[in-house]
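K.L.:
Here is how the chains run, residue by residue.
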Amino acid sequence: MPNSYNRKILHVDLTHGKTWVEEPPESFYRTYGGGSAMGMFYILKEVPPGVDAMAPENVLTLFVGPSTGVGISGQSRVVANAKSPLTGAIGDAQAGGFWPAELKFAGFDGIVIRGKSLKPVYLWIRDGKAELRDAAHLWGKVTGEVESVLREELGDKRIQVLQIGPAGEKLDHIACLINMCNRANGRTGMGAVMGSKNLKAVAVRGTHRLKTADPKAITKLGRLGKENAESIPDVRGLGINGTADIVPYQQTTGTLPTRNWNEGQFEGYQQISGETMSATILKERDTCYGCLVRCKRVVETQFEGTAVVPLYGGPEYETVSTMGSYCGVSDLNAVALANQLCNAYGLDTISCGATVAFAMECFENGLITEKDTGGITLKFGNAAALVRMVELIGKREGFGAVLADGSQRAAEHIGKNASDYLITVKGEEAPAHMPHAKKSLSIIYAVNPFGADHQSHEHDPLYEDGSAPLYLKRMAMIGLDKPQPPGSLNEEKVRLTYITQLFFSALDSYSLCQFVWGPSWEVYGPDDTIEMLRAATGWDITLDEFMKVGERRLNMMRAFNAREGIDRRADILPKKLSKPLQGSGPTAGISFDPKENEHWRELYYKMAGWDIHSGNPTQAKLNSLGLDWVKL
Amino acid sequence: MHIEVVLHSAYREKLLPEAHGQATIELAAGSTVGDALAHLSIPPEALCAVNGRVERDRGRLLREGDQVEVFARAGGG
Chain A
0 MPNSYNRKIL HVDLTHGKTW VEEPPESFYR TYGGGSAMGM FYILKEVPPG
50 VDAMAPENVL TLFVGPSTGV GISGQSRVVA NAKSPLTGAI GDAQAGGFWP
100 AELKFAGFDG IVIRGKSLKP VYLWIRDGKA ELRDAAHLWG KVTGEVESVL
150 REELGDKRIQ VLQIGPAGEK LDHIACLINM CNRANGRTGM GAVMGSKNLK
200 AVAVRGTHRL KTADPKAITK LGRLGKENAE SIPDVRGLGI NGTADIVPYQ
250 QTTGTLPTRN WNEGQFEGYQ QISGETMSAT ILKERDTCYG CLVRCKRVVE
300 TQFEGTAVVP LYGGPEYETV STMGSYCGVS DLNAVALANQ LCNAYGLDTI
350 SCGATVAFAM ECFENGLITE KDTGGITLKF GNAAALVRMV ELIGKREGFG
400 AVLADGSQRA AEHIGKNASD YLITVKGEEA PAHMPHAKKS LSIIYAVNPF
450 GADHQSHEHD PLYEDGSAPL YLKRMAMIGL DKPQPPGSLN EEKVRLTYIT
500 QLFFSALDSY SLCQFVWGPS WEVYGPDDTI EMLRAATGWD ITLDEFMKVG
550 ERRLNMMRAF NAREGIDRRA DILPKKLSKP LQGSGPTAGI SFDPKENEHW
600 RELYYKMAGW DIHSGNPTQA KLNSLGLDWV KL
Chain B
0 MHIEVVLHSA YREKLLPEAH GQATIELAAG STVGDALAHL SIPPEALCAV
50 NGRVERDRGR LLREGDQVEV FARAGGG
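Residue numbers (numbering that gives the first Met the number 0), protein chains in the order written: chain A, 0 to 631; chain B, 0 to 76.
Take the hints with a grain of salt, since some may be wrong.
Example chain A residues on the side facing chain B (calculated, C-beta under 8 Å, incomplete) [unchecked claim]:
1) Gly-236
2) Ala-306
3) Pro-309
4) Ala-467
The hints are simulated quantities; they were obtained by calculation from the structure and are not laboratory data. Each residue gets a CB set at the ideal place from its N, CA and C atoms; glycine is no exception.
Go ahead and model the full structure; you've got the sequences and the hints to work with.
P.N.:
In structure tokens, the structure reads:
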């Protein structure tokens with residue numbers, strides 16, 4: 000058996016209050032790797048097609064990977080999967096922190112959670128043992144309080160807690176899972192699924208340390224990582240200013256979504272940049288277990304008398320954009336408080352900020368008034384209104400109850416032409432990267448099985464003329480050796496989309512951080528990634544096998560959607576993108592023709608070996624991936 | 000001629016901390032974008048803009064008072 004797995008998966012049946020341990024064979028681990036591919040195995044086996052995402056029959060999986068907990072950067076990641084209440088399609092969300100490594104130290108490679116408890120409970124895992132405990136005293140509490148209470152009552156300050164906040168309890172469709180009070184499995188409403196099961200938290204503590212097959216190789220890779228983190232400027236910048244380091248780049252290239260994606264440049268970009276954060280409210284840089292990049296932020300400030308405290312971390316790029324430029328808000332303190340509220344109440348900052356921005360555009364256009372919002376002047380640029388609305392969403396109170404299930408459902412509630420202002424795919428709010436300059440995003444946003452996602456393939460500039468020699472050398476390792484003209488969209492860009500999607504899909508299966516392991520600008524390239532997995536597991540894994548695991552995950556996700564009746568008809572860009580972008584800058588005037596998008600998507604379906612008419616995997620394709628047990 | 004430089008991200012370390020990433024450098028007439036980057040010990044593949052527009056041509060001639068801005072180029076995040 001490979002060294003770095005525990006070979007144990009924890010199963011939980013909340014309906015009957017039972018837990019048990021499964022010890023799958025090595026072939027299972029090698030076929031699925033971990034992360035969401037492993038989660039998909041159980042979801043496809045157990046979740047009946049057409050079931051309500053909030054029903055006890057939905058299965059929530061939390062999986063880590065073979066190298067999670069190993070002493071090297073970018074390995075402490077957990078992936079959550081379940082049917083999504085936000086999209087009705089498969090849900091997927093990843094997070095870092097210390098919880099993933101702690102789960103490994105506690106003796107498990109993943110948790111499969113089904114059923115529904117009659118009353119609120121939490122799951123307590125310690126060194127190979129698991130029990131469900133009453134959580135009545137935790138229900139209704141924000142994440143910071145819950146973490147504190149659990150550490151106190153379990154008598155160990157080193158316990159790691161993954162939990163839902165009040166938003167998840169109230170089944171907000173944009174609710175997330177939070178660990179460390181500031182690391183979120185943010186996307187696709189996984190918090191609502193956990194809330195629907197009356198499961199408040201998963202507390203873990205472990206003392207087992209992992210063995211690797213080749214510790215010397217891991218140490219050597221660690222040294223290489225240290226050198227690369229210093230010498231690759233884009234990685235180094237991530238450590239210095241966090242993910243918001245890219246704000247000036249986004250601004251200059253006209254891809255900083257502004258006022259609900261009406262424009263691609265924001266006049267207040269400097270105030271919300273990572274550089275400004277570093278110079279003003281940054282208290283310290285934080286990290287995930289064993290990672291030297293230190294891209295996480297911890298801020299301390301206040302907004303209109305309310306303190307923003309270090310416990311809740313600090314805003315990522317996605318958050319400074321969705322809460323900032325999306326909403327026309329340039330007050331970094333307000334953004335930091337909105338971030339804190341999301342982490343305290345357990346809300347996805349992307350969907351939350353984007354939904355407020357959508358509501359602001361409805362307000363600006365008279366579709367809603369102060370009568371609807373409870374007196375809040377929900378105009379672009381109103382920082383206080385943003386903060387107030389985020390709090391109401393977290394509490395599911397007032398107009399916040401309308402927005403708590405995301406912008407698409409809010410549009411249905413508001414009626415009139417509100418849907419014209421949506422920036423959603425499959426019902427999920429798009430993240431803060433615009434396809435107007437990075438054109439392959441127009442493909443991945445449409446086809447990705449769990450909605451518009453910015454971490455599901457490599458972005459265009461890394462594969463365009465002028466990219467760094469190191470990045471292009473790494474891209475060539477996965478067969479991408481023809482960098483394209485900047486701003487282009489063509490067959491080679493469709494290849495970029497599909498091939499790097501498989502790579503990223505594999506990263507999410509082996510549960511690796513996409514800032515550390517990747518096909519271009521990251522700390523480590525494809526060759527290093529394979530070397531690390533070999534050293535951790537002892538397997539003679541190849542790049543081809545790695546990509547195949549990614550392909551397996553992607554096909555399982557599309558197969559899940561197919562069973563739900565979700566196919567290429569749902570692979571549609573927001574209609575707002577077919578209108579020319581307003582404002583000034585290099586992307587002003589750019590629009591997306593749905594017909595042209597359809598053309599590129601068909602090419603993508605062909606590359607994937609799927610049925611071009613439905614966009615679904617064929618049974619033959621599934622069989623070729625060893626997924627003959629998946630029936631469409 | 001005088002060129003205004005604005006450096007972002009890790010490239011700021013090419014200047015003294017108190018410069019906050021901004022400086023005016025002096026280059027010989029006829030200097031190019033590539034010359035400006037070399038002057039700052041910044042690799043030619045760094046992403047940069049001249050007067051607010053992305054510029055990939057390292058041979059582009061600079062003019063007195065031009066602004067050269069250098070960025071990080073991360074993917075998603």
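K.L.:
Are the hints correct? Go through all of them and say.
P.N.:
We went through each hint and held it up to the structure:
The restraint placing A:Gly-236 at the interface with chain B holds, with a minimum CB-CB distance near 3 Å, inside the 8 Å limit. The closest approach between the C-beta of A:Ala-306 and any C-beta of chain B is roughly 27 Å, which is over the 8 Å cut-off, so the hint fails. Against a cut-off of 8 Å between C-beta atoms, the interface hint on A:Pro-309 is violated, since the closest Cβ of chain B lies about 22 Å away. Hint on A:Ala-467 holds. Least Cβ distance to chain B is approximately 4 Å, under the 8 Å limit.
Checked against the numbered hints given earlier, this structure breaks hints 2, 3; the rest are met.
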